[in-house]
Amino acid sequence: MLFVFIIRMNGRWRCWKLPTRMALSTKHADDDSQYVLVAKMDNVRNLANILKAVHFKEIATIFASDLGLKITVEDFKCVQANAFIQSAVFHEYIITEEQITFKINLNVLIECLTIFGTSSLSGVLTSLKMCYKGYGHHLILMLEEDGVLTDCSIKTMEPDEVLDFDFCSTNVVNKIIMKSECLREAFSELDMTSNVLEFLLSPDPPHFRLSTFGNAGRAHSDFPKDSDMIESFHCTSTQVNRYKISLLKPSVKALSISSRVSIRMDNRGFLSLQYMIKNEDGQVCFVEFYCVPDEEEEEEQD
Amino acid sequence: MNCIIPGKNIKVFARAIHSLAKIGEELYIEPLENGFAFKTVNSSRSAFGLFLFDPRFFDKYHRPSDNETTFQNDENESPRCKIAMSSCLNIFKSVATIEKTVEKCKISLNMKDDRLVFKMYCRHGIVKTHNLAFIECESLKAVFNSDNCENCLIAPSKMLCEAVIHFQNNQEEVTLVVSSEKISFKNYFEEYDSTKQMITEVKLHLDEFNACDIGINTEITFCLKELRAILSFVEVTNLPVKINFDTPGKPMSYLISSEGMLEATFVLATLAGDNCSNSQVPPSARQSTSQNKTRASCSNKNLNGDESILVEWDDMTMAEVEEMSLVEACASRSQCPAAPKPQPVSKRQQKTVSNGRNQSKMHNRLDKTPDSDEDTNSPVIAVQPCINLLAPNIDTDDEEKQNSDVRKEEEEEEDDIIPGTPPSKKFKSLFFGNSQASEASQKAAPVVLAADTDEDD
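Heads up: the protein sequence lines correspond to chains A and B, in order.
The end of the first sequence is residue 302 by UniProt numbering, with every number in the run present.
The end of the second sequence is residue 457 by UniProt numbering, with every number in the run present.
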């Protein structure tokens, strides 16, 4: 016996089938071949949490390759976030094309992935099967929790060109790897009346300094290189650059769930923040942010 | 100036700042010989808070005169300054974790850049520096002497907190009723409506207090918000509170002290006489007597030579007193369903009253000029003014906000045409009433009236 509920919600069709455990295994075993991408995962939160960390704009571009998924979100042509989910994070990952690219509404994708709720207290895991037939097709999500199944079908969009920050590790002048904890604290205490956040990286004291220039006055936090929070310190010359706080703010989400962060600045003053995020199964994913510096002229216009 | 707060005391300090932030919008900082003073006063100047941290509270405490080599240009006098409360609050934002993260905090004055510097030395060698802009100002003082008070209570902090918890969050004022038999807190309503409002009375046993010295039976009404601010501090530090108070209309004070650590003083204005006594009487009952009562209480106080109230009422011209009482009478009449509604008359009165209030507000602003601290005994806490050009600007902003709020209220009142509704915040208008004295004495008043920004709103 099979109960099927089909509900139209927010302009998308969703269908619930009960009981479906058997239906899932029999129905899909044979027709996986028609998909160019099939990815399965036991705990959908591992994916949802990473997506939430880059969720500061509605539209995301998804790149799939042998290595895994890369989700790119951009804003103002000034900041770019990339979330990397290696194929190893999925318990099954089959891709038949070299690279697949499509754009998708990230709000909808996250909403669908968390359709059974986000609470981890129940101890019940939601499993996910994600399929994509190829260019022009919907992204199909099948979520199952405790015998309850949800089918979601999300429209995909024509991919646009994404920004190329051309951030090359050979051009990196200064690099710090530190535990996220103290940076998280520093970010939470930032004076939000300031437009910019200034990063100072230097081989000489104060080594690493974050400064704000708000209504109440200047404030800065210094992190000496011998602090036990700093795991690696490779600074070759002093660099001082300012970045708009509004551009950096989206990265706080990723910072808050990360365990380590790598701060890099290249010779043009471009900033890269890489967050290492451990998921519930102890696997490591990365989210990186690129941000362009604030030019002096711009600031005068402000 | 240079002082260092050790890590173990940082939490108490942060709590003090948080407590002051609940009262005022500016933090006055004054390093004194007997300790480091942090003060604030609220925008209507009906509440004043002071924390005096003993030099022993700090690891190191240097006033500029002790340290002439570093502060050559400022060796003769200790700096007095004020900073925006919000910026200071931001430094001590996370009270819960501050004790764990901060190892010591250094407060110093950077005379070169004119900045007040808070330097937080955190664990893992992280140093956070906050350079705050400040405004130099005169000393802020509440003119109040607790020794003259008839009544004195010493209450354990826990009991006070538990008593206050019973009042609703939106409750603005409470009345403290004391007699030799009982002490109780009850909520105060300007206009009591038995269908909508609930009376809460918390009775306390005399032996719950550490000490009770009651000279006269009295009922005093004051703002709950400031009491909550005080209690937010004592709740954590668990220190007993000494409350000194007198008759209605006279300020009450709260003293909290910890030997060799700190001494906190809060002074709150209380609601003037006649309003208190009938706080729980329904308007219909008040109706017949209110007109006479106002006058009676006025003359009574004169006879008693009760100076603070005298000033209060003296300030109002007799016409205004009449106006007030008329309005009150109207109000009570209009609330009584049987009474006919004298609409046209009351509308006119409404306008005169609101005009009167506007004037008093303006004078309050005028009050901030250096030579106007004449009426130091009124329920308004007399505050020594700041002689900085910048200061009035900032104050004006607050006041403007307040004024525009009041105006909005007034406009609403006028739009609704509720006949004879008294000014919605008589409490405040009473405070501002004191500045009416300056109206009579200062010829400059009309000029200020013309320049009032209120009209631009």
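Treat the hints loosely; a few may be bogus.
Computed list of lysine-lysine pairs in DSS-like fashion (alpha-carbon distance at most 27 Å, straight line) [as the list claims (entries may be wrong)]: (1) A:Lys-175 with A:Lys-103; (2) B:Lys-106 with A:Lys-225; (3) A:Lys-70 with A:Lys-57; (4) A:Lys-249 with B:Lys-119; (5) A:Lys-179 with B:Lys-141; (6) A:Lys-253 with B:Lys-106; (7) B:Lys-11 with B:Lys-186; (8) A:Lys-225 with B:Lys-22; (9) A:Lys-249 with B:Lys-93; (10) B:Lys-182 with B:Lys-8; (11) A:Lys-253 with B:Lys-8; (12) A:Lys-179 with B:Lys-158; (13) A:Lys-225 with B:Lys-141; (14) A:Lys-278 with B:Lys-158; (15) A:Lys-253 with A:Lys-70; (16) A:Lys-225 with B:Lys-158; (17) B:Lys-100 with B:Lys-8; (18) A:Lys-77 with B:Lys-158; (19) A:Lys-278 with B:Lys-100; (20) A:Lys-77 with A:Lys-52; (21) B:Lys-100 with A:Lys-249; (22) B:Lys-119 with A:Lys-179.
A few chain A residues facing chain B, derived, Cβ under 7 Å [to be verified]: (23) Phe-56; (24) Ser-227; (25) Pro-250.
For each label pair, taking beta carbons as the anchor points, the in silico distance ranges come out as [said to hold, decoys possible]: (26) A:Lys-278 with B:Ser-94: 19 to 27 Å; (27) A:Thr-238 with B:Glu-136: 52 to 60 Å; (28) A:Ile-177 with B:Leu-32: 21 to 29 Å; (29) B:Lys-93 with A:Ser-120: 47 to 55 Å; (30) A:Lys-278 with B:Asp-59: 35 to 43 Å; (31) B:Ser-94 with A:Asp-281: 51 to 59 Å; (32) B:Glu-99 with A:Gly-282: 46 to 54 Å; (33) B:Gln-168 with A:Pro-205: 33 to 41 Å.
These are computed hints drawn from the structure, not numbers from a lab.
Glycine included, C-beta positions come from ideal geometry on N, C-alpha and C.
Quick rundown of the hints versus the structure:
1. A:Lys-175 with A:Lys-103: Since the Cα atoms of A:Lys-175 and A:Lys-103 sit roughly 32 Å apart, the hinted pair is violated (cutoff 27 Å).
2. B:Lys-106 with A:Lys-225: holds (22 Å)
3. A:Lys-70 with A:Lys-57: Holds, at roughly 16 Å.
4. A:Lys-249 with B:Lys-119: Given pair A:Lys-249, B:Lys-119 holds - Cα atoms ~25 Å apart, limit 27 Å.
5. A:Lys-179 with B:Lys-141: Given that 27 Å is the threshold and the Cα spacing comes to 47 Å, the pair is violated.
6. A:Lys-253 with B:Lys-106: violated (32 Å)
7. B:Lys-11 with B:Lys-186: violated (32 Å)
8. A:Lys-225 with B:Lys-22: violated (39 Å)
9. A:Lys-249 with B:Lys-93: holds (19 Å)
10. B:Lys-182 with B:Lys-8: Outside the cut-off at roughly 40 Å; violated.
11. A:Lys-253 with B:Lys-8: violated (32 Å)
12. A:Lys-179 with B:Lys-158: violated (41 Å)
13. A:Lys-225 with B:Lys-141: At roughly 46 Å apart (the allowed maximum being 27 Å), B:Lys-141 and A:Lys-225 break the hint.
14. A:Lys-278 with B:Lys-158: Not satisfied, since the Cα-Cα distance of roughly 44 Å exceeds 27 Å.
15. A:Lys-253 with A:Lys-70: Judged against 27 Å, a Cα distance of about 18 Å means the pair holds.
16. A:Lys-225 with B:Lys-158: violated (46 Å)
17. B:Lys-100 with B:Lys-8: holds (9 Å)
18. A:Lys-77 with B:Lys-158: violated (56 Å)
19. A:Lys-278 with B:Lys-100: Holds: A:Lys-278 and B:Lys-100 sit about 26 Å apart, inside 27 Å.
20. A:Lys-77 with A:Lys-52: Within the cut-off at roughly 20 Å; holds.
21. B:Lys-100 with A:Lys-249: Holds: B:Lys-100 and A:Lys-249 sit about 26 Å apart, inside 27 Å.
22. B:Lys-119 with A:Lys-179: holds (23 Å)
23. Phe-56: violated (24 Å)
24. Ser-227: Interface hint status for A:Ser-227: holds (4 Å vs cutoff 7 Å).
25. Pro-250: Since chain B brings no Cβ nearer than about 22 Å to A:Pro-250, farther than 7 Å, the hint is violated.
26. A:Lys-278 with B:Ser-94: 19 to 27 Å: holds (25 Å)
27. A:Thr-238 with B:Glu-136: 52 to 60 Å: Check failed, 36 Å falls outside 52 to 60 Å.
28. A:Ile-177 with B:Leu-32: 21 to 29 Å: violated (48 Å)
29. B:Lys-93 with A:Ser-120: 47 to 55 Å: About 29 Å separates the Cβ atoms of B:Lys-93 and A:Ser-120, which means 47 to 55 Å is violated.
30. A:Lys-278 with B:Asp-59: 35 to 43 Å: holds (40 Å)
31. B:Ser-94 with A:Asp-281: 51 to 59 Å: violated (32 Å)
32. B:Glu-99 with A:Gly-282: 46 to 54 Å: violated (32 Å)
33. B:Gln-168 with A:Pro-205: 33 to 41 Å: About 54 Å separates the Cβ atoms of B:Gln-168 and A:Pro-205, which means 33 to 41 Å is violated.
In this structure, the earlier hints numbered 1, 5, 6, 7, 8, 10, 11, 12, 13, 14, 16, 18, 23, 25, 27, 28, 29, 31, 32, 33 are contradicted, and the remaining ones agree with it.
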